[in-house]
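Novice: These are the residues of each chain, in order.
Protein chains: 2
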Amino acid sequence: MSAEDICLDQLSLADLEKLQQKVLARKAELELSSGTTNKISPSASEQIQKVVVIGGEGQLGQFFCRLFNESGCDVTSLEKQDWADAEQILKSANLVLVAVPIHVTESIINRLTMLSADCVLADITSIKTIPVETMLKVHPGPVVGLHPMFGPGVESISGQTVVVCQARMAAHSSWLIELLNSYGAKLVKVTAAEHDQTMAFVQVLRHFSTVVYGCHLAEESVDIEQVLSMSSPIYRLELAMVGRLFAQSSDLYTEIIFANPQNVGMMKRYIERYTRLLSLVETNDKKRFKREFATTRHWFGKYAEQFLDESSKLLSQARLTRSSEDNKSDQVKESNND
Amino acid sequence: MSAEDICLDQLSLADLEKLQQKVLARKAELELSSGTTNKISPSASEQIQKVVVIGGEGQLGQFFCRLFNESGCDVTSLEKQDWADAEQILKSANLVLVAVPIHVTESIINRLTMLSADCVLADITSIKTIPVETMLKVHPGPVVGLHPMFGPGVESISGQTVVVCQARMAAHSSWLIELLNSYGAKLVKVTAAEHDQTMAFVQVLRHFSTVVYGCHLAEESVDIEQVLSMSSPIYRLELAMVGRLFAQSSDLYTEIIFANPQNVGMMKRYIERYTRLLSLVETNDKKRFKREFATTRHWFGKYAEQFLDESSKLLSQARLTRSSEDNKSDQVKESNND
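So the sequences go chain by chain: A and B.
Under the numbering used here, the first residue of the first sequence carries the number 1, and numbering increases by one thereafter.
Under the numbering used here, the first residue of the second sequence carries the number 1, and numbering increases by one thereafter.
Be aware that one or more of the hints could be misleading.
Each pair may be met inside one copy or between any two copies, as identical chains are not told apart.
[Stated by the list, open to error] Keeping only pairs whose Cα atoms sit at most 35 Å apart, straight-line, the calculated DSBU-like set for lysine-lysine is: (1) Lys313 - Lys189; (2) Lys302 - Lys91; (3) Lys18 - Lys287; (4) Lys186 - Lys313; (5) Lys313 - Lys27; (6) Lys22 - Lys137; (7) Lys287 - Lys268; (8) Lys268 - Lys18; (9) Lys18 - Lys313; (10) Lys189 - Lys290; (11) Lys302 - Lys313; (12) Lys137 - Lys302; (13) Lys80 - Lys268; (14) Lys286 - Lys50; (15) Lys91 - Lys137; (16) Lys80 - Lys22; (17) Lys313 - Lys22; (18) Lys18 - Lys91; (19) Lys268 - Lys91; (20) Lys91 - Lys27; (21) Lys91 - Lys50; (22) Lys22 - Lys50; (23) Lys290 - Lys22.
Please keep in mind that the hints were generated in silico from the structure rather than gathered at the bench.
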């Protein structure tokens, strides 16, 4: 059977909605299984690896403990209360993965002076220069910095991006990289400096601007319900992106924003540009404003059209999802009126 | 047949992808037809209305000409070259809809001194206070300001929001409102002042911040490809939202941003808040930063969780769509290697 054989003409809107959910669920199922069929990498399965995850009871720590467990490793979690036995727990490990909150990463790494010479030392912190430098200083053996670009809520690592910063004796950690690869993770190999430079935009500036935007709305006493009732799908989505940040813990966002003081300069340049462009609005200089627009459009190049296309598809999905939800709530309202 | 009867177990990922597209297309088809089945409103069909759309050959003008045509009105478009005959074209109209670019709206309205006393004068400009005030001044009859919250690219007005600012003799424009309603538009009735206050955030601040963010990326010489390769789905989407603006004409965005000089003050307060929060980062004052976060979280209230939920659903759809596109391009790469 193929997609062409299925005829949809008889289905109602509600049934089409159900079918869409079924298709999405089935796709996720297939993608999940195709990502895990070959999950034990050849080299990892040859001999059982002993893995210690420091902070393995944290949310992302648990995720990696499960992953290593499933692939046949012998996994131990090392928590705050276990440091008395740390020497014994750590010394025979093939991999020590540091999965602790970002603000204690450096001090935890500094305690790892007892690893065996060929033990791989790795971390999963959102910044890379400082943790990688600290690992290289403390441990004379193989070192690799990782940054999983996803939260603990994802169902599988398949299709998710993991940034890999190889720092010393890469051959020793090749089994770990192969293992992530065999699970379907997308691996991006860069230096720690390149990582931090990119993250200044991907994480720090975006998170920070979003926090400011939320504070601004609150302090301007904006009426959310009114705004939503008058929003196009695109603005509704943008507002949802702001609100979703505030539904989560402030700790992680604060730590990411504060982790690298070097970013303050870049964020000050953002204000300068904002001020420069706003003065064009204030002096009604449309001509220069459009020139700035054109320069940036040129910089985006082929990506401008590609992004327009990509976001339009998603927005039309958002509109369809919303409108079927609105219909549902309309029905509820009507039945309440009975 | 219902959605439950369709079994998906035999379908490949590629077939599921095709089916998903078919379902979306069929849903859009059904929604379109359900929006137009009852398209002629009772009062509009009783007698043929004579409608003049000024700027009816513009993109959104064409959209409204089609809509009025389909509902049985007698529609004339009045363009630049037709002003010599304007007196005759306009004097017997029941509705004159101003659909010209925002920066000429006011001057065009000022020419409409010859309408008959019961002719409805309406506009579709993105700002409302100035056009509505000008219409009230020029025309002694019924006046209503409209703001369609969608672009000319949408397939149907069904499910789209239209802001309605009633200004004088609302009973005379009730047939127009009923007509929009019968097409499935979501009508939001507010005053012109309320509209402009909300749009300061929904349109002006968001568009302006997006322009600045794009300029900032360009001037910081960010490597888009590297950023994309290291982006989580959420950041990819946010970047796409920036790029999509630059794929479009700068005229409309410039006019919207420049239309209401009152917004400059509000945008300056945004800079003040940005600077205040950035100084907390510079002085490493995490405690006060988290307090600001908590205050804003409290302001979002129930919407924080709702937005998290809503955007998460959309992001997981975005991830699935992307990953099937990535698979396609991987296949292309492989076949090129042969």
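Novice: With identical chains, the pair Lys268 and Lys91 could be close in the same copy or across copies; at 35 Å between alpha carbons, which is it: within, between, both, or neither?
Specialist: Close neither inside one copy (46 Å) nor across copies (57 Å); limit 35 Å.
Novice: How do Lys22 and Lys50 come out at 35 Å by Cα distance, when the copy is not named: within, between, both, or neither?
Specialist: neither (40 Å within a copy, 48 Å between copies)
Novice: Classify it for me, Lys91 with Lys27: is the Cα-Cα distance of at most 35 Å met within a copy, between copies, both or neither?
Specialist: neither (43 Å within a copy, 60 Å between copies)
Novice: Between Lys18 and Lys287, at a C-alpha cutoff of 35 Å, which is it: within one copy, between copies, both, or neither?
Specialist: neither (50 Å within a copy, 46 Å between copies)
Novice: Should Lys18 paired with Lys91 be assigned to within, between, both, or neither, using CA atoms and 35 Å as the limit?
Specialist: neither (53 Å within a copy, 52 Å between copies)
Novice: Is the C-alpha distance from Lys80 to Lys22 at most 35 Å within one copy, between copies, in both cases, or in neither?
Specialist: For Lys80 and Lys22, the Cα distance exceeds 35 Å both inside one copy (43 Å) and across copies (53 Å).
Novice: I want to check one pair: Lys290 and Lys22. Are their C-alpha atoms no more than 35 Å apart within a copy, between two copies, both, or neither?
Specialist: Result: close neither inside a copy nor across copies, 46 Å intra and 40 Å inter.
Novice: Is the C-alpha distance from Lys91 to Lys50 at most 35 Å within one copy, between copies, in both cases, or in neither?
Specialist: within (10 Å within a copy, 88 Å between copies)
Novice: Using 35 Å as the alpha carbon limit, work out where Lys268 and Lys18 are close: within a copy, between copies, both or neither.
Specialist: neither (48 Å within a copy, 47 Å between copies)
Novice: For Lys302 vs Lys313, is the C-alpha pair at or below 35 Å within one copy, between two copies, both, or neither?
Specialist: both (17 Å within a copy, 28 Å between copies)
Novice: Which holds for Lys313 with Lys27 at a C-alpha limit of 35 Å: within a copy, between copies, both or neither?
Specialist: Close inside one copy (18 Å) and across copies (14 Å); limit 35 Å.
Novice: I want to check one pair: Lys137 and Lys302. Are their C-alpha atoms no more than 35 Å apart within a copy, between two copies, both, or neither?
Specialist: Neither: 43 Å inside a copy, 47 Å across copies.
Going down the numbered hints, you'll see the structure goes against 2, 3, 6, 8, 12, 13, 14, 16, 18, 19, 20, 22 and 23, while the others check out.
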